[in-house]
Structure formats: C-alpha cells, structure tokens
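Participant: Here is how the chains run, residue by residue.
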Amino acid sequence: MPTEQYAYEISLREILPFLDVELVDIDGFSCCGEPMKSVNQLMTLYLSARNLAIGEKHKLDLFVPCAMCHLALSECKYVLDNNPDMKERINGMLASEELTYHGTRGIVHTVDLLHDHIGIEAIKQHVKKPLKDLKIATHYGCHLIRPSEVGRPVNSENPEKIEEILKALEAEPVKYAQKLDCCGAPLLSNLPESALTKTGQKLKAIQDQGVNVLVDVCPWCHRMFDSKQIKAGETVAAKLGIPVFYLTQLLGLAFGVKRDKLGLDLNLSPVDKLEL
Amino acid sequence: MSIVDLTSMGEPQSELRKEINERLSKLRDEISDYCFQCAKCTSGCEAHKLLELEPHKIVALLKRGLIDEMVNSDVIWTCMSCFKCKERCPQRVAPVDILFSLKNLAVLSGKQIPGKYTAMLQSVLSTGLIQDIQSVATRDNKTKKRDDLGLPAVSKPVDVAKFQMALSKIAVEKV
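Line order of the protein sequences matches chains S and B.
Going by this note's numbering, 28 is the number at position 42 of the first sequence; the sequence numbering is gapless.
Just remember that this note's numbering sits 179 ahead of the position in the second sequence, which is counted from 1.
FYI, nobody ran anything at the bench for these hints, they're computed from the structure.
Just so you know, not all the hints are guaranteed correct.
[As the list claims (entries may be wrong)] Using C-beta positions, here's what the derived DEER-type ranges look like: (1) Ser347(B) to Lys118(S): 51 to 61 Å; (2) Ser134(S) to Ala298(B): 31 to 41 Å; (3) Glu220(S) to Ser347(B): 36 to 46 Å; (4) Lys259(S) to Asp247(B): 45 to 55 Å; (5) Ile106(S) to Ser222(B): 47 to 57 Å; (6) Gly242(S) to Gly289(B): 51 to 61 Å; (7) Ser204(B) to Glu179(S): 33 to 43 Å; (8) Lys244(S) to Ala239(B): 49 to 59 Å; (9) His103(S) to Lys324(B): 41 to 51 Å.
[Said to hold, decoys possible] With a cut-off of at most 25 Å between alpha-carbon atoms, the simulated SDA-like pairs for lysine to any residue come out as follows: (10) Lys43(S) to Thr306(B); (11) Lys73(S) to Val94(S); (12) Lys295(B) to Asn176(S); (13) Lys228(B) to Thr183(S); (14) Lys161(S) to Gly223(B); (15) Lys197(B) to Met79(S); (16) Lys335(B) to Arg(-1)(S).
The beta-carbon is built from N, C-alpha and C at its ideal position, and this holds for glycine as well.
Use the sequences and the hints to build the structure in full.
Facilitator: Given below as structure tokens:
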C-alpha cells in the first residue's frame, strides 16, 4: 500500500488529527508477507512477526490501514500467542536483527480505529458538510471480515461498522446482496482476467442498483474498483461509472476538508460526478 | 524459477526431494478426517462461481491420497483466499489453509511459480517491499511521486544485508 495507493494515506494523515489521533512513523518495516503466503507461509509469519516486533520495540500499537496486512499481522499474533514452539522458532530468526516478539501490542485497522476507539459521537462532532441523501454501497474486503478465528475488527457475516460511520455523516448506506463478494485482487498476480471479471461483476451489480458511491477501506480492493474500473467493465461488457472513495476521503469531505488535501485527484473512477 | 533457485543456487536435489516427501506425508496426516462433504465451502466459494474451484472435492481427493496430483494441478492456484470456507466449515476443516499448503509444496518442489509471484518474491527478498515505490497517475494524467504529494519516505528495513540474510534462510526452511 505505501508503494502505490497514496490517496488512502494522504486522506488518513489529513483526517486523523481532527480526531486527536497522532501517527508516529517508524523506520524499518517490511512487507507484511500476506502476498507471499501462497509461496511460503513461514515467510509470511516471519515478516509479520518482524513488523509486530518493531512496533513493540517502540512501545506502540500498530495502525494497519490495509485489510490484507491487518490479517497477516492478526494471524501471526494468533499463531505465535497460541503456539510457544513457533514463537520460539520465529524469535530465533528475529534475533539477527535484534528483535523479539512478545505479543504485547495491539493491531488496529481504520474501521475499528474510527468506530471503536474514536467513536461515532466524536465523529459526528466534526461533521460540517453532511453527505445528505448520498446512497453508498460499502465494501469491507474479505481479509478484514474473515477468518474470525484469529480476531477480526468486524462481524464476519453481517459487518455494519462502516454503515454506522456513514450514518454519522448523514449518508445513506444501502443493503445489497453482493456486499460480501470478493474484489478479485488476490488473483491479479496469476489470473488477471478472472480477477477483473470478479471486480466487474460486483461493480455492475452495484451500478444496476442505482447506488451513487462505493466506499472501501483496503488498498487492494480500491485498486480493483477504482484504478481498474474501466478494464473491469470490459470483462462484463458494461460501461461502468461508479465513483469509488476511500472511507477516509468521504470523512474528510464531510469534515469540510478541501478536495485537493484528500488525494481525490488520484482516484481514477469518476469521483467528480458528485458535488460534494 | 523456484524459490530454491532464487535463494540458494545449486542446493542438492536429493535432500530437497526427501524433504518434499516428508512434507507430503505430514500433510496427509494432518488433513482432517472430519470433513463430511456437506459442500458448504463450495457453495460460498468465490473462486467456484468463476473458476469452478470445488474445495470439498479437493479435500475428498486428498483424503483418498491424491496429494501429489493436487500439488501439480493448476486448480489450487484459483483460490482467492477469501476465507469463507474456513469461516463457514461446521467441522473446522479450512480448505483455504490446505490450499496454501499445497501451493507452498508446489513451489518447493520446483514447479514454476505462476504469474507475478516470482517478481514479488524477488522484490521482497531484495528490498523488503513487494514492489518498487511507484509513481502514480492522476485523473487528468499527471504523474506524481510520493514526495510530490507531501508523503514521508516509505518505511523499509534499515540493515538490508541482515534482513536479506534472515529471509533467505526461511526461503529454504521447512514450514
């Protein structure tokens, strides 16, 4: 995510100070390892443990805005906290970089940061330009929702936290049957055509239901729905034109932040359609 | 190119073969006997709707001992890792985790790694990130770099040599 999906990061850094959250940038992190899981699961575990250990070294909880990274770190924590042998083995490997995983710090995603830690009431207080009558479809992202075994920030079959945040902005989240469908991104590296078809099917279903906006909270999903929307439309023979926003961009707009401070020029979907 | 080629050119193949066989038999022992073929996994499977992946059938085939065949099959690479099967299985079988293990075995046995996985792996092994830091296009087609947008430098491993060393060891370790 930090190597490409800059709009998410820009809007996060813009809105969090409103909500009294201070981000601390730490050097030394690496990939979470989740994209490597098909190749080598031990590598995923090591990379995640490494990142968690760096957070612990600085005595900070990790804020992980990407759903995929959040899953990798949460799963790593679950495995290491429940399997002392694996913890010892991973710590043995981490020793060369003078790192140790203890399992003392938390892992926070955008959705639980906003909903659970900051709270709906606090968000409401900052709304200057309510998003009235805006019909919004939400997309959580598979990795944010499941598997609940390792602890996920939202309910696995009926997640509602983004809806509640949107209601605080006076927007109108819609119910739709395809809400839990995958964005297709995990197949992009080896079966790109199929990945785009998956994206196209979901977007077409959303468009057919007369929704104004799709909102997401994962850079992988956003890349599919926003950056690759036109290509995705071609795979399902549909002309797609759905504005896709990061949740943090919509929050920024509702807080009265200027458009250019939210990275909106980086959204490739037609976000100008809306007069927000 | 396999993960072994990338990290330790010229490892003795006999050792590797032995290890793969060990892992195959370990996987055989670990596959759950509890699956009763309710196919709840397949009914929700994201890849089934599009690519006809049938997780319950894969579990059944593995239980019948067709592990090598599954490792060599392309179908294991159609999983979208949406984790619905793991979430919904009444017997806690988790086909998605079995598929991850099969893919790991396919890579270990020197079978070609499909698609862009090789490039991502090389990038992680050398810099710690899955791709180089990109310039991005705006809607009106202007190119922007991270610092043009006022973003700080990307966090990445400080002592790259130590990082690479630790990671290369894992690439050839047993899972």
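Participant: Holds or violated: Lys73(S) with Val94(S), Cα cutoff 25 Å?
Facilitator: holds (22 Å)
Participant: Looking only at beta-carbon atoms, does the pair Glu220(S), Ser347(B) fall within the given range of 36 to 46 Å?
Facilitator: holds (41 Å)
Participant: May I ask you to test the hint 31 to 41 Å on the CB atoms belonging to Ser134(S) and Ala298(B)?
Facilitator: Taking Cβ atoms as reference, Ser134(S) and Ala298(B) lie about 33 Å apart, which means the hint holds.
Participant: Given the hinted pair Lys161(S) and Gly223(B), is their Cα-Cα distance within 25 Å?
Facilitator: holds (19 Å)
Participant: Is the hinted pair Lys228(B) and Thr183(S) satisfied, with a Cα-Cα distance of at most 25 Å?
Facilitator: The hint holds at about 11 Å.
Participant: When you check the alpha-carbon spacing of Lys197(B) and Met79(S), does it fall within 25 Å?
Facilitator: It holds: about 24 Å lies between the C-alpha atoms, which stays within 25 Å.
Participant: Sort out whether Asn176(S) lies within 25 Å of Lys295(B), counting only the CA atoms.
Facilitator: holds (6 Å)
Participant: Could you say whether the range 33 to 43 Å given as a hint is met by the Cβ separation of Ser204(B) and Glu179(S)?
Facilitator: holds (37 Å)
Participant: For the range 51 to 61 Å, tell me whether the beta carbons of Gly242(S) and Gly289(B) fit it or not.
Facilitator: holds (58 Å)
Participant: In this structure, is the beta-carbon distance linking Ile106(S) and Ser222(B) contained in 47 to 57 Å?
Facilitator: violated (35 Å)
Participant: Does the Cβ pair His103(S), Lys324(B) satisfy 41 to 51 Å?
Facilitator: violated (32 Å)
Participant: Within 51 to 61 Å: is that where the Cβ-Cβ distance between Ser347(B) and Lys118(S) falls?
Facilitator: Since Ser347(B) and Lys118(S) have Cβ atoms about 56 Å apart, the given range 51 to 61 Å holds.
In the structure shown, a violation is registered for the earlier hints numbered 5, 9, in ascending order.
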